[in-house]
Amino acid sequence: MNSALKKRIGNVLSWVMTFLLMLVICVPGLWVVLTAFRPNSEVLAKPAVWIPQNFNLNNFAKIFGFGAEQVAIPVPAYFTNSLIIALTSTAIALLIGMSGGYAFARYRFRFKNGLFLGLMLSRTVPGIALSLPVFMIWSRIGLIDAKLGLIIVYVALNVPFTVWLIDGFFRQIPKEMSEAAQVDGCTRWEAFWKIEFPLAKSGIASAGIFAFLTSWNEYALASQLTRSTDSKTLPVGLMDFTAQFTIDWAGMSAMAVIIIIPALVLTFLVQKHLIAGLTFGGVKG
Amino acid sequence: MAEIALHNVVKNYGKLEVVHGINLNIEHNEFVVLVGPSGCGKSTTLRMIAGLEEISDGTISIGSEIVNELPPRKRNISMVFQNYALYPHMSVRDNLGFGLKIAKQAPDVIEERVREAADVLGLGDLMDRTPAELSGGQRQRVAMGRAIVRNPQAFLFDEPLSNLDAKLRVQMRTEIKKLHQKVKTTVVYVTHDQVEAMTLADRIVVMKDGYIEQVGSPMEVFNHPVNTFVASFIGSPPMNLIPGAIDGDNIRFSDGAHISVPTRLKDKVRNGQEIIFGFRPDDLTPVGHGINESGQQAPMKLVITLAELLGTETILYTQIAGQEILGKMFDPRDIHPGEELNMNLSLDKAHLFDGATGKSVRLD
Amino acid sequence: MSNIAKGVPFWRKEQFTPFILLSPAILTLMFVVLLPLLFSLYTSFTGYRLIRPESLYDWVGFRNYERIFSNKNFWIAFGRTILFLTIALNVEFILGLGIALLINRITWGQRTLRTFMMFPMMFSPILVGYQFKFIFNDNIGILNNALQALGLSDGAIPWLVDKYLAMFSILFAEIWMSTSVFAILLLAGLFAMPRDPLEAAKVDGCNAWQVFRHITLPFIMPFAFIAMTIRSLDVARAYDIVDVMTGGGPAGRTELLWTLIARVGYDNSRMGQANAMAYVSILLSILFTYYFFTKLLAARKYMGGAE
Ligand SMILES: Nc1ncnc2c1ncn2[C@@H]1O[C@H](COP(=O)(O)OP(=O)(O)O)[C@@H](O)[C@H]1O
Ligand SMILES: [Mg+2]
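So the protein sequences, as listed, match chains A, B and C.
For the first sequence, our numbering gives the first residue as -7, with consecutive numbering after it.
For the second sequence, our numbering gives the first residue as 507, with consecutive numbering after it.
For the third sequence, our numbering gives the first residue as 2, with consecutive numbering after it.
It is worth saying that the hints were derived from the structure and are not from the lab.
Do not take every clue at face value.
Simulated pairs of lysine-lysine, DSS-like, Cα-Cα distance not exceeding 27 Å [as the list claims (entries may be wrong)]:
hint, chain 1, residue 1, chain 2, residue 2
1, A, K186, B, K610
2, B, K683, B, K673
3, A, K186, B, K580
4, B, K607, A, K193
5, A, K193, B, K610
6, B, K607, A, K186
7, C, K203, A, K(-1)
8, B, K714, A, K167
Quick list of simulated restraints, FRET-style, between CB atoms [stated by the list, open to error]:
hint, chain 1, residue 1, chain 2, residue 2, range
9, C, E200, B, D625, 46 to 54 Å
10, C, G80, B, K521, 45 to 53 Å
11, A, V8, C, G80, 37 to 45 Å
12, B, K673, A, V8, 50 to 58 Å
13, C, Q211, A, V4, 19 to 27 Å
Sample of chain C residues at the chain A side, in silico, Cβ under 10 Å [claimed, not checked]:
hint, residue
14, F32
15, L114
16, Y240
Backbone N, C-alpha and C fix where the C-beta goes; we use that ideal spot for every residue, glycine too.
Let the hints inform the model, and build the full structure from the sequences given.
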């Protein structure tokens, strides 16, 4: 077999593999998306209906409480809760992460490595294990079933990773930049906002997106710390469907789509920086 | 525009002391170069003057004011960094104008001053580029432009040329010198390159391990080094140093060979004293190929092991007292390795250092 | 000399700045993680039950630990969790490596592929669980429907009910979600790889496999350990998947340590005992992270270059 032919076969093979790979990655999600636009009757039909016959937005209208059919699940409230909780906790985690990441990137100090390790280890605690004591304490101080309760937890959940990423991004900016600005007449604070922050901005944004998604997607803690429409988030709300006698697959899929969309959009925006941040922080230390 | 004075300045990082109480007075409009091997505390000293490092002990004053507690922005100085530290997200124009903008100058004043600085440094065509679009030399120029725009009391340079290639380095060296003549200001310039120090400085400060070894004009430091460190650090190729002992009117080396004690230093040494004998390669020349052939000479026959042609002169490698020694031949002819030459060692400019302390005996 | 300290309050001094900058992070984690963990450590030595608040002061010593260590169900869940993690991480690594090598070969559309690779990573685990619950549903799931349509199976395969199939389905979901962490980091490693050693090895007469084995693999191992470290931070996300897909059932056949904790703590309201288990799970996570982190450090050292 000559080598040109071998190469051709190799290329074809790798395209086939890639195609299969994409199939495995995309089909499950696409199937859910498709289901979101189909009526339950079609989803449950036996034998299966492969080509969608009815394609409409009824499921979305239903879960948002418009239209003739309605579900008992208050999706709009969950959506608002999710948005408020994820946005607020992200904003706070970013501020804390910027301040901490800057400290790690720019200063030498005692216990530096120990503190960093401690920060990371705090992230290893499994959500469900952490939920037990937090549940006990929050119920004593009235933070159960409150957005604030979840926001505080999510800030803590996001701080270690945010610090790690932002530390990496600040390290990439030579510290002479800030020093030059200080010699040029800035206070350290001004130098930070005028020079270092603009340069690290896109990295910080991607850390923010990552934090947002962590909060948006979190389930283990939210499922224990929330009770009602006051604080329940979308992932917890999704489980409401399974509590019903017959599962409303179409409605559930519509809700799933609402949870997926921000993840897809934000992943698309963040992918480049996230990889850079992770590998930089990890390999260059 | 201002004198700078360091008084017993100390710097420690935690328990580690890296600058040990140095004293230095830099005069108005003087160009002072701090030179020394890497890690000797030059940058640290400069950064203390700039206010980028806290001063652990002692005082630094700029003008008549003690600046120990002033942050960099209040010291009215400007600094050029080794890697230039241009702001990558700003155009050249904005880089130059940044300091003025921070100082809340009127836009037309900024415009005017930025243009002046750009003219001085020939940056006119580059104003709208970002630092990433500039070559090394151009970045260097912008960094200097940023320094002169604000009309500071003093310029501080930290190895500004070390990131440039050899040719550009020589060119920029000249430009810095010219710039200083144009924009009369006090300059403190840090480098590990003694050639840069010699060519630029009004006064050289030689540092080692956090101490100042010698302060003086380039000629002073070159001709009258206070110790073996300065002697070997300044000058290229470096001074030849041979250990020996005083034996009457002679210096005797380990292999028994001897040479007369330079007359002018005779009463500075005592019999039996361990010394280090030093002379520059320029002072060891083949007969008829030297510059300074009058005065006290020590003639000798030497075998050349290697000759390095440099064009106007040739560096000769030979051996004295079992040690490799460098000489020079001006107005050179071809030399073959193994050739034996009659050479003269001019003793008028030779140095004697104490064997134990390394200090020049001239100072006793 | 004291004139330096004069007039500068202690918190403005340079050496305090990093601690001030870090204090929000430290305080948050103390309040939300450290303090609760201390509390739960205490609780694990009491017979605390949610329905009887006074039992919080009911000190029982090591009884909770003795109980769980002598409980067969705990050990089964524990063993299953270890097995689950071992299989998942190994498969994820091997698949991730394969995918990274595959995508690295491809020149056209590489960026798009890479972006697609990241999607599963960003999915909520609860969604991944739901998605596969739907697909593996024995009655209306697309998988059974497809198998039946293709004539490969005539009955409904009980993907989420059968002991082994259910575990397989959960593993599949987990691997689907997390393989991209490996793929993406290993791909970054391949991109960062210098060409010279590869060419030197080829000149030295290595064949493709030897080049891979002796040059490529050692170089990208640190990236694999970064991926492992990141993964060990969130392995417990598998809780969400199991909770949605099977709820630990049927009859505890897919129970992992984490779902067991939730059941004992919230459903049976035995907080003391649940906290004791939680501590075991925390130690397990820390051990995992620590193990991979030291591997990462070691691999970095012999890779050289990176400080
Ligand atoms: N932040 C620091 N912490 C501890 N030691 C330092 C720090 N910065 C510099 N040093 C040490 O101080 C000494 C002087 O450094 P520096 O002034 O940078 O030397 P150079 O003369 O090469 O510019 C070196 O030995 C260096 O290791
Ligand atoms: Mg230096």
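Okay, the hints, checked on the actual structure:
1. K186/A x K610/B: holds (14 Å)
2. K683/B x K673/B: holds (16 Å)
3. K186/A x K580/B: holds (18 Å)
4. K607/B x K193/A: holds (22 Å)
5. K193/A x K610/B: With a Cα-Cα distance of about 25 Å, the restraint between K193/A and K610/B holds, given a limit of 27 Å.
6. K607/B x K186/A: holds (12 Å)
7. K203/C x K(-1)/A: With Cα atoms ~18 Å apart, K203/C and K(-1)/A stay inside 27 Å; holds.
8. K714/B x K167/A: holds (26 Å)
9. E200/C x D625/B: 46 to 54 Å: Given range 46 to 54 Å: holds, Cβ gap about 50 Å.
10. G80/C x K521/B: 45 to 53 Å: For K521/B against G80/C, whose Cβ atoms are near 52 Å apart, the range 45 to 53 Å holds.
11. V8/A x G80/C: 37 to 45 Å: holds (39 Å)
12. K673/B x V8/A: 50 to 58 Å: Since the Cβ atoms of K673/B and V8/A sit about 55 Å apart, the hinted range of 50 to 58 Å holds.
13. Q211/C x V4/A: 19 to 27 Å: Holds - the Cβ-Cβ distance for Q211/C and V4/A, about 25 Å, lies within 19 to 27 Å.
14. F32: OK, holds: F32/C within 10 Å of chain A, min 7 Å.
15. L114: Cβ of L114/C sits 7 Å from chain A, so the hint holds.
16. Y240: holds (5 Å)
Of the numbered hints given earlier, the model fails none.
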